[in-house]
Amino acid sequence: LSDGKIQLEEVYRFSNGPVTINGTLRWDVLNLWKEIQTGLTQAASVYGESIVSVGVDTWGVDYVLMSSESEIICQPYHYRDSRTEGMLAAATKHVPRGTIFAETGLQFMEINTLYQLLAMQKQSDSLLKMADLFLLMPDFFHWALCGSRVVEFTNATTTQCLHPTERNWSFEMLRKFDLPTDIFPSLVTPGTKLGSLREEVAIKTGLERIDVVAPPTHDTAAAVVAVPTEKTGTANWAYLSSGTWSLIGVEVEEAALCAAALKYNVTNEGGVDGTYRLLKNVMGLWLVQECKRSFERAGNNFEYHELVAAAEDAEPFRTLFNPDDPSFLSPEDMPTAIAKWSEEQGEAVPETAGQFVRAALESLAFKYRVVLGWLEELTGETIDVIHIVGGGSQNELLNQFTANATRRKVIAGPVEATALGNVLIQARTSGEIGTLAEIRDVVRNSYELKEFSPQNQPAWEKAFERFCELTK
Numbered sequence: 001l002s003d004g005k006i007q008l009e010e011v012y013r014f015s016n017g018p019v020t021i022n023g024t025l026r027w028d029v030l031n032l033w034k035e036i037q038t039g040l041t042q043a044a045s046v047y048g049e050s051i052v053s054v055g056v057d058t059w060g061v062d063y064v065l066m067s068s069e070s071e072i073i074c075q076p077y078h079y080r081d082s083r084t085e086g087m088l089a090a091a092t093k094h095v096p097r098g099t100i101f102a103e104t105g106l107q108f109m110e111i112n113t114l115y116q117l118l119a120m121q122k123q124s125d126s127l128l129k130m131a132d133l134f135l136l137m138p139d140f141f142h143w144a145l146c147g148s149r150v151v152e153f154t155n156a157t158t159t160q161c162l163h164p165t166e167r168n169w170s171f172e173m174l175r176k177f178d179l180p181t182d183i184f185p186s187l188v189t190p191g192t193k194l195g196s197l198r199e200e201v202a203i204k205t206g207l208e209r210i211d212v213v214a215p216p217t218h219d220t221a222a223a224v225v226a227v228p229t230e231k232t233g234t235a236n237w238a239y240l241s242s243g244t245w246s247l248i249g250v251e252v253e254e255a256a257l258c259a260a261a262l263k264y265n266v267t268n269e270g271g272v273d274g275t276y277r278l279l280k281n282v283m284g285l286w287l288v289q290e291c292k293r294s295f296e297r298a299g300n301n302f303e304y305h306e307l308v309a310a311a312e313d314a315e316p317f318r319t320l321f322n323p324d325d326p327s328f329l330s331p332e333d334m335p336t337a338i339a340k341w342s343e344e345q346g347e348a349v350p351e352t353a354g355q356f357v358r359a360a361l362e363s364l365a366f367k368y369r370v371v372l373g374w375l376e377e378l379t380g381e382t383i384d385v386i387h388i389v390g391g392g393s394q395n396e397l398l399n400q401f402t403a404n405a406t407r408r409k410v411i412a413g414p415v416e417a418t419a420l421g422n423v424l425i426q427a428r429t430s431g432e433i434g435t436l437a438e439i440r441d442v443v444r445n446s447y448e449l450k451e452f453s454p455q456n457q458p459a460w461e462k463a464f465e466r467f468c469e470l471t472k
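1 is the number of the first residue of the sequence shown in the UniProt record's numbering; add one for each residue after it.
Among the clues, some could well be false.
Stated by the list, open to error - Straight-line Cα separation of at most 25 Å, DSS-like style, residue types lysine-lysine; simulated pairs:
hint, residue 1, residue 2
1, 263, 472
2, 409, 231
3, 204, 193
4, 340, 472
5, 122, 93
6, 93, 129
7, 93, 176
8, 462, 409
9, 231, 450
10, 193, 129
Claimed, not checked - Distance windows between CB atoms, simulated:
hint, residue 1, residue 2, range
11, 396, 13, 36 to 46 Å
12, 46, 327, 44 to 54 Å
13, 13, 230, 24 to 34 Å
Note that these hints are calculated values from the structure, not bench results.
Where a beta carbon is used, it is the ideal one built from N, C-alpha and C, also for glycine.
Let the hints inform the model, and build the full structure from the sequences given.
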């Protein structure tokens, strides 16, 4: 970080995916911890004493339960594990949706931590009763790094266990579900120093006993820090964190808890400096990732750029579908699920790889437009630009489709927004940078961004009307 610019260097990368055992989906957190230590060792060998701090961000909702002896209680579950099926419906029979939303401000999704805990209570209550400490994934790795026993605010807001105005655990609601409240630790805000690196970790990795700093530990919160907007403090721009999930939202000062927010099933997730990210989770490039896996199982190995090229050549608007239909959350085979939905709704069934991928990308772009309309209604602001960050910002066809469908300018980049947001908040903690607006200036000065303007409007407008009919 120098002269108002930042240079990010990748030291180490490792794959991470769920492990199937006894019919359940789990995270191998010990292997992840081993990989983190390998990465830190590599960093120490390259940068040595110049390293100031370390901080971890991950996906939301998943957690680790610890015993009073600091042992892991059961291998942590993956949010796509099937044990939460039916738990949302059961929960809202016990406590009304409106009450849960008023207490948490969160989008209702079966993957949320609340329903995971209720599934555990139902299926393995003895394990839940053994728990002494609840940590979300990044907080668990911070514990491994320095012994801290706290949960960081931005990720806590993904659990549906946190009160959106009190900014503390929603103990009253948790008690309504008979969930243990004493396992939830204190909350910290992004940029908090959690402690020094454990001596044994320092010795193993070759690092000094550097600071462990809580960044925005939810990957989307970190990504939003690195959105290169010039309009920090207003809600007339939107971000789209594009990856496995598409998270599309605006940055606001207060959580939106009105009846319309409940109706649209939006979410209020925490941001930095007391902000909230009013957003909607949309299924995202998971649709394409799972199609690719299906094609590979059938012996057709495509690179992503080949799938995008095939989609570009495919017939426009041949098939549209609702990307957020529950049948696409965790299907055995994604193309089969899309074909079944299309057939049931009277849409043309995709037949080629290009047709499947084009259907997914066009449908996502139209869903983004629907969500932007909701966000404008909730904030009273007109959104005139969309910043697409994250890995999905490299998909130029989806970027162009997004501009076409939403009738708004799209600015794509940076790709590694989550890592940037993480390290820039750490840099702020060590006194190297100031405000959120200054952080975004640095990102804008450091990366080449690409703009996309709306094209071919009449055809997209006509297709959007059809999409709305299909998804109402």
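Worksheet item: Taken at face value, is the distance from the CA of residue 472 to the CA of residue 340 at most 25 Å?
Response: 18 Å, holds
Discussion item. Please verify whether residue 462 and residue 409 have alpha carbons no more than 25 Å apart.
Written reply: The hint holds at about 20 Å.
Worksheet item: residue 396 and residue 13, beta-carbon distance inside 36 to 46 Å?
Response: 23 Å, violated
Worksheet item: Quick one, are residue 231 and residue 450 close enough, alpha carbons at most 25 Å?
Response: Since the Cα atoms of residue 231 and residue 450 sit roughly 18 Å apart, the hinted pair holds (cutoff 25 Å).
Worksheet entry | Agreement of residue 193 and residue 129 with the hint, judged by alpha carbon distance not exceeding 25 Å | Roughly 31 Å separates the two Cα atoms, so the pair is violated.
Worksheet item: Between residue 122 and residue 93, does the CA-CA distance stay at or below 25 Å?
Response: 15 Å, holds
Practice prompt. Using the beta carbons of residue 13 and residue 230, state whether their distance is inside 24 to 34 Å or not.
Written response: Taking Cβ atoms as reference, residue 13 and residue 230 lie about 31 Å apart, which means the hint holds.
Discussion item. So if I understand the rule, the pair passes when the alpha-carbon distance is 25 Å or less; does residue 204 with residue 193 pass?
Written reply: 22 Å, holds
Practice prompt. Starting from residue 93, check that the Cα of residue 176 is at most 25 Å away, please.
Written response: Holds, at roughly 12 Å.
Discussion item. Hint check: residue 93 vs residue 129, CA-CA at most 25 Å. Holds or violated?
Written reply: 24 Å, holds
Worksheet item: Can the suggested window of 44 to 54 Å be confirmed for the beta-carbon pair residue 46 and residue 327?
Response: 46 Å, holds
Worksheet item: Does residue 231 lie within 25 Å of residue 409 when you go C-alpha to C-alpha?
Response: 15 Å, holds
Taken one by one, the earlier hints fail for this structure at numbers 10, 11, listed in ascending order.
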